[in-house]
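K.L.:
First to last, the protein sequences are chains A and B.
Here this note's numbering runs 20 ahead of the position in the first sequence, where the first position is 1.
Here this note's numbering runs 20 ahead of the position in the second sequence, where the first position is 1.
In case anyone wonders, no lab produced these hints; they're calculated from the structure.
Keep in mind the model is a prediction, meaning the values are calculated, not measured.
Check before you lean on any hint, since a few could be wrong.
No distinction is drawn between identical chains; accordingly, a pair holds when it is met within one copy or between any pair of copies.
Stated by the list, open to error - Pairs of lysine-lysine residues, derived as BS3-like cross-links and limited to a Cα-Cα distance of at most 25 Å, are as follows:
(1) K172 <-> K551
(2) K264 <-> K331
(3) K365 <-> K123
(4) K331 <-> K400
(5) K331 <-> K399
(6) K465 <-> K420
(7) K94 <-> K537
(8) K56 <-> K147
Protein chains: 2
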Amino acid sequence: MSKNYKMKWWGWGDENVTFKMKNYPGIIKYIREKFKIQSLKKRPLFDLEKIEMTKKFLPETIIGEFKDKIGAEKCFSNKQERVLHSFGKSYKDAVRIRSYKIKNAPDIILYPENEDDIKSIYELCSKHSIAIVPFGGGTSVVSGVEACKGGKNYCASVDLTRMDKITSIDSVSLTAKIQAGKFGPEIEKELGERGFTLGHFPQSFEFSTLGGWIAARSSGQNSILYGGIEALVSSLTIVSPGGKIKTLDVPRMACGPDFNEICLGSEGALGIITEAVVKITPAPARQLYTMYMFKDFKNSATAAQMLAQEKIPVAMLRVSDEEETEAFLAMGSGKKNPITFIIGKLIKKYIHSRGIDTKKCSTIMVGFEGENHEIKYLKKRVDKIFKSFSPVCLGNGPGKKWLKDRFFLPYLRDEFMDNGLMVDTLETSTTWSNLENLYSKTKNKIREVYSDRPCVVYTHISHLYHEGASLYTTIITTQDESDPVGQWQKMKDAVNNTICESGGAISHHHGIGIDHKNGLHWNDEQMKLMKSIKNELDPEGLMNPGKLI
Amino acid sequence: MSKNYKMKWWGWGDENVTFKMKNYPGIIKYIREKFKIQSLKKRPLFDLEKIEMTKKFLPETIIGEFKDKIGAEKCFSNKQERVLHSFGKSYKDAVRIRSYKIKNAPDIILYPENEDDIKSIYELCSKHSIAIVPFGGGTSVVSGVEACKGGKNYCASVDLTRMDKITSIDSVSLTAKIQAGKFGPEIEKELGERGFTLGHFPQSFEFSTLGGWIAARSSGQNSILYGGIEALVSSLTIVSPGGKIKTLDVPRMACGPDFNEICLGSEGALGIITEAVVKITPAPARQLYTMYMFKDFKNSATAAQMLAQEKIPVAMLRVSDEEETEAFLAMGSGKKNPITFIIGKLIKKYIHSRGIDTKKCSTIMVGFEGENHEIKYLKKRVDKIFKSFSPVCLGNGPGKKWLKDRFFLPYLRDEFMDNGLMVDTLETSTTWSNLENLYSKTKNKIREVYSDRPCVVYTHISHLYHEGASLYTTIITTQDESDPVGQWQKMKDAVNNTICESGGAISHHHGIGIDHKNGLHWNDEQMKLMKSIKNELDPEGLMNPGKLI
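Bound-form chain A, shown alone:
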């Protein structure tokens, strides 16, 4: 069984945890106003038994061969396992699971515990024409773990979560060798006990694995300080049907093309990443997350650019545009009582006196981590840059709240869906000089596609680089109940197209999977090169068919 057994089969997160919207009157008020939702609907009861799915085609004799070869305790084909491994956790996936119909479910779910198991799986899958979908935490939002057969007869989901050891820690070189199936919280817990952190916190952190991060080229909330996953991987092992590659564990070399960088982003299509040596860092002594309010997004984005180009090693920086700031301020507001009401009025008055319209402004959240003296020095440098934009510092309260809730927000999508709303996010990246262009074109395109219904589109900049940044956009609109997938696909196609035409990356950190393939900016030669690489590592085309390539 999967170690992520606590994950809801029908939605996001731990099945014992629910986001209780009624505790957030601001959110209720916000969606009531924006989407004319009168009263909250009760969550429907999700019944696994009701799900209609493709029958398991794989004959029992073949299942028996797997059991004989790697052990019966590593082979499953019961309904819950098949449902959990049918697809990922995107809005499209959530809509489909709520429709109670699954078109493609894997025939068998295999839990290898070592490389030999994986090699045995390759042998049997080759013998019986079984497509292989490597599966970590299953949190892909680009259909990256969807149980597709390609041209094969059957489909096996290969769940890596039993390969979940920290094999060794080198406390001199500050690296740890970790198996691919280890979940984020377990990595941080075990490293934390030794005083270290990996520092990789993607939004999916609680339910995603090291192998998934590498395969999808994920990036975490603290990417400014620690880099994306590619900056954290020192060496790795990939076991492919064609053979095994283990890269050399050195900090840097000039020995031809970088094999790590071929496996990073390989999305299960080239083989199974089994293990990586990653950089670890002494856990920061202190965290300080502060929020600043700026006149508008143009000002805040420029301030962020200056900070990035001065290479100031803050731990996190998020620039929310006017719409995101409005949504977050509205959603974050609690029950009114006379005292907070008066304080709120006074604060607003002060902010207004500084030339900022609290109804139409932008915010930056900056996270500092380290020793006190480092934080002090960095904050001084940040304040110096910000000064020319005259922002108002809102103090550390919002930052504390954000740190507390940062992995909790994704739960909210299920609540929104319960109430007939569509929620999706998309992300891209570009250079600083093209940021405004890409930003406005993307937002306008979404508004254009959903011009027939109430629609909120808000964006933040969340990963900053020397030459550019990522844009992360959230879309909330009312669901077209007659064809929710079609409604989503129409928007996705249009936006993919707009992003490509505007010089943005089709993905900054979600990956390609199936959903971004039509926007992938490879020319013919790149496609042919990728096919050559795949053909060498996966000559029979067993690995994750239909994704990436």
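Assemble the complex: chain A is given as a structure, and chain B must be docked to it using the hints.
P.N.:
Frame of chain A; chain B shown alone:
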């Protein structure tokens, strides 16, 4: 003609510049003591006409086809051009050129000025079975530009130095689009006029090109601050016989494997890198290079490790071991006069009183660059780390001298060779926990190979990373005049082997070329994968045969 026409055909550097050893009495004294060299020999007169080389096989009719296709002014086959493009600038190359015999000289030297020229060259080379050796500044020290035919009938050296424009500068995104054949000093000069720097200063800086840096995965003296060339490249264009790849100009993406990282280190074997968008940085306001003297290499290396792992963004750091410190102190000493003699005595007495033996100690040179307040803050942090090792700060004098001479030292090799000495350098990298092991095994192996003659082997750490560092070793011994190449090859093979067995990278920044192929740590699967990649981009095997793959 090559824009590097000023480079000596017989040795290192500008033909109008000579390292005058007589101005450095310390060097003379040092080699006199170490290698029993009594008096300096006069430099022989190098006469190009005396060189015996393979005849030009390529028929005039084919040369005519090239001239018709790309223009006669881009096609050369005169002696000087052929000599200059026969090989690189390693000790082995210098020995061979001094022997007045060149076994493999290119039949033709072509100077493309644009992509169309390159495509035409590919067409004609394919038609007439001509191997192609891409050539930038020609400073390879691993036989990376050697004019090999592989299985082809002829060999063309394709010199990129006429593709030398800065096409555009994006002063918002802080990037510049630069053609591959542009030399280091020209890049810095033109960027400098706009207030920027690329920050890439390999030892070969004065005579190497952007394309060469990318093809060989070079790294510069300021790599701690700016990263190796892979960290500076935002996107690139490679024109291969199989087709053209232009990567997307975004700061980061999750769109499968990183094509930049396939082209970086491709060593001309996959195609010709024609252009790259690179990150540029406002030129630092100030430089401060300071030297510290430590008790021994163990202490200084540990101090450097701590500094690297605290991610302190110094511009440069070099840790010299006891032998390198001894050599540099000896070589750097000037003519004695009574006053400097007394001051020197007093300084030595002070250093001794601090528990450091000036005859057997280690030094760290730290470079700081930036605004005054940044330098002040960084130096404070560095001093805090160093404090527990009780080093003696030697001030900024040695740093100023090093900055002044840093590209001048390679000239010294020719002087040493004039005096019957062999001088070579080698470099590797490993994790901090393996550094001492790799360091001592490498040095011991060299001493073992040359145990029959006086031999000096010294090492510095010059590129620092979170999880490890590079080791750069210089070897000086007396030349075996009967077989200098054989003498060198014996050492090279032994050390390649030792480095591999000890877990080091066969190259940190010199590349593979021919000289490191026998130490390349790819397994069968990696080799097969690289061959697949090459086969797609260069199906006829025209590109730089015998190098890397």
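K.L.:
If a hint holds in the structure, say so; if it does not, say that too.
P.N.:
Status of the hints after comparison with the structure:
no., hint, in the structure
1, K172 <-> K551, "within (18 Å within a copy, 28 Å between copies)"
2, K264 <-> K331, "neither (38 Å within a copy, 33 Å between copies)"
3, K365 <-> K123, "neither (54 Å within a copy, 86 Å between copies)"
4, K331 <-> K400, "both (14 Å within a copy, 19 Å between copies)"
5, K331 <-> K399, "both (13 Å within a copy, 17 Å between copies)"
6, K465 <-> K420, "neither (34 Å within a copy, 57 Å between copies)"
7, K94 <-> K537, "neither (33 Å within a copy, 43 Å between copies)"
8, K56 <-> K147, "neither (56 Å within a copy, 71 Å between copies)"
Violated hints for the displayed structure, listed by number in ascending order: 2, 3, 6, 7, 8.
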